[in-house]
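Chemist: Residue numbers (this note's numbering), protein chains in the order written: chain A, 1 to 446; chain B, 447 to 639.
What the hints contain is simulated information worked out from the structure, not anything from laboratory work. Incorrect hints may appear among the rest.
[To be verified] Straight-line C-alpha distance at most 30 Å; calculated DSBU-like pairs for lysine-lysine:
1) B:Lys506 - A:Lys53
2) B:Lys509 - A:Lys429
3) A:Lys253 - B:Lys484
4) A:Lys53 - B:Lys484
5) A:Lys424 - B:Lys531
6) A:Lys423 - B:Lys484
7) B:Lys484 - A:Lys247
8) B:Lys484 - A:Lys403
9) B:Lys484 - A:Lys221
Spelled out from the first residue to the last, the chains are:
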Amino acid sequence: MVFSRQDRLTGIGQQIQVNMRQEPTDELEDLLRERSDQYLLYPSDRVWNNIQKELHPNRTLRYGLLVLFLFLGTTTAIVVNKEKASYASSPLGQVAAKFVERDLIATMADGYAETNVSNTGIDRYNAFQHNQAQKHLTSFAEIASPEQKDLTVQLPNNLEIAALQAKLQENKTPETVVPKEDKKNAIGAAIETVIEQAKKIKRNASWQIYASPTMGYRRLKGEASGSTYQYSVFSLSTNAVFARNVKDAVSHKPGMGFEIGTAMFYPLSQKLNFKAGLQANYNHYQIEAYSAVPEIANYGMNNYAFGSYPISAVSFYRNNSGYSPAILRNEHYMISMPVGIDYEIAGTRKLNFSVASTLQPTYVFANYSYLLSTDLKHYAKEPTLNRRWNMNAAIEANLNIEKGGFKWSIAPQFRYQMLSSFKKKYPIKENLTDFGIKVGVIKTIK
Amino acid sequence: MTEEVLLQGCIKNDASAQQELYQCYSPKMLSVCYRYAKTREDAEDMLQEGFIKVFSQISKFEKRGSLEGWILRIIVHTCINHLKKNKKFNDNVDLAYAGNMVIREDYIPSIIQAKQIVETIRTLPIGYRTVLNLYAIEGYSHKEIGQLLDIEESTSRSQYTRAKSMLEEMLLKKRIIQQPKEKKKWFSPVRIV
């Protein structure tokens, strides 16, 4: 596999460089070229493995999403179980358990008394009563605490009913055997008591999961650099086609993204909640550029203690001219921890309106961005300039509707990246923005 | 698999096509990287970075020239970019710092001529060998070398003259090439030692 001189000069894929070497070669150069082309080296497996990882990162992304959904699923399961246990041990749950227990005993006692009238129907009637009581227990078992279950889990059999009835007769009190006409009054009074108790209970923490389609965009700030290290045939001063201000030089448009997350609300007062959570964001926007031959794009200077060197990358895209238009997608995958407050402005328990504001320490775990060179002429990826840690701020206005034991919320929201997506050494600043409509469901934890 | 089929497979991000293309061109491209790199490990890093760019941008290849030439250009640019991140390179690419470099003969092995020549090139000071690689082997003009390395065109020209002279001296000392008896030609036909 030997490259001819013609191949080197014209076989560069796209177009002949006007300033490519045209001078004749001498014998030493021919020898060097020939021998260099003959010399082959075989790379280690590590190289290909790393290339594969870089080219097919979806696996990593899939694992990340899987972990996120596992986290959300586990959290959901914990909260729901806690909810059940909390209900069973709450005043309401205790009262409900007492009703079930007392009703069960009364039913069994009544059933036994009535069977004395007709001994022939005793087995059939007891079986019916047993089934009825079992239904009570089944429904109660779903909400009762372990202690309460212990009180009723052993349903007496037919023989034990006699002993139980005898015991009831000995200790006959209004607590254990309630006349049927008084039962309704007692239940009504108990319900009123529970409602009164519930009113006195403080507001509890609540848990939310939410998702939102978003529209991602960016805010750019910066000017073209006139430094000597720029790679261009023409200097900025002699090339009026290119704008100096980055906002005038680029053509970009928003792209669809998404947000998914979970948050806990801790009441600070009747209307104010502290909010903290975990969320994942995908942001992207599009840039209009042009495909071009590989060139070097410069991105400013990197400083060492005793000097500096230009930061540059191989570019395949030009900003203003090229052989075909191209759309570049700048994508960002982020994990953040929103911390903030939620304030209820107006409304009732069933329907209310609130506003929320959060600060979001953010880790950008994948950033596939094309950076504009400092002369505003080329686009290329230069991962060393991407900032990993950032800070976002978000505001949202929530309309909350309570239905079926859950509070549903819909909220237009705006998210703004406070620090530039790139490190300070890159002179162009970019702040990402997201606008979305967030839909969430909130469950109060008792 | 033909090059066209390979190309289409790579455009579709097909891993097997990518692997085949990689296996086809990586030995040649690694030797290119090796000429620019300080160590074999550095060369492999350059190769890795270069092929990632090749695969991610392969849909932009428009078949106006050979695929190999297109890949070569990306690899060379990647090597230069890699070198520019090295402070030592930036110090030595300037002519003022290159004059004091000494020839390190002990680095030249004597196995086969191709390897000897490549290894000899690698013993040149980093600024010299980069300009020599770009001009004599890759075929870049001094003007483009100046733009690539952020140096003056005249500096590139001077660097190359000195690099070639230094390389010639080293090759002669190691008898990889022979001194021409007559001064009409620059050197005599190559003899494998």
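Chemist: Each hint: holds or not?
Modeler: Against the structure, the hints:
| no. | hint | verdict |
| --- | --- | --- |
| 1 | B:Lys506 - A:Lys53 | holds, 22 Å |
| 2 | B:Lys509 - A:Lys429 | violated, 37 Å |
| 3 | A:Lys253 - B:Lys484 | violated, 43 Å |
| 4 | A:Lys53 - B:Lys484 | holds, 25 Å |
| 5 | A:Lys424 - B:Lys531 | holds, 17 Å |
| 6 | A:Lys423 - B:Lys484 | holds, 28 Å |
| 7 | B:Lys484 - A:Lys247 | violated, 41 Å |
| 8 | B:Lys484 - A:Lys403 | violated, 69 Å |
| 9 | B:Lys484 - A:Lys221 | violated, 39 Å |
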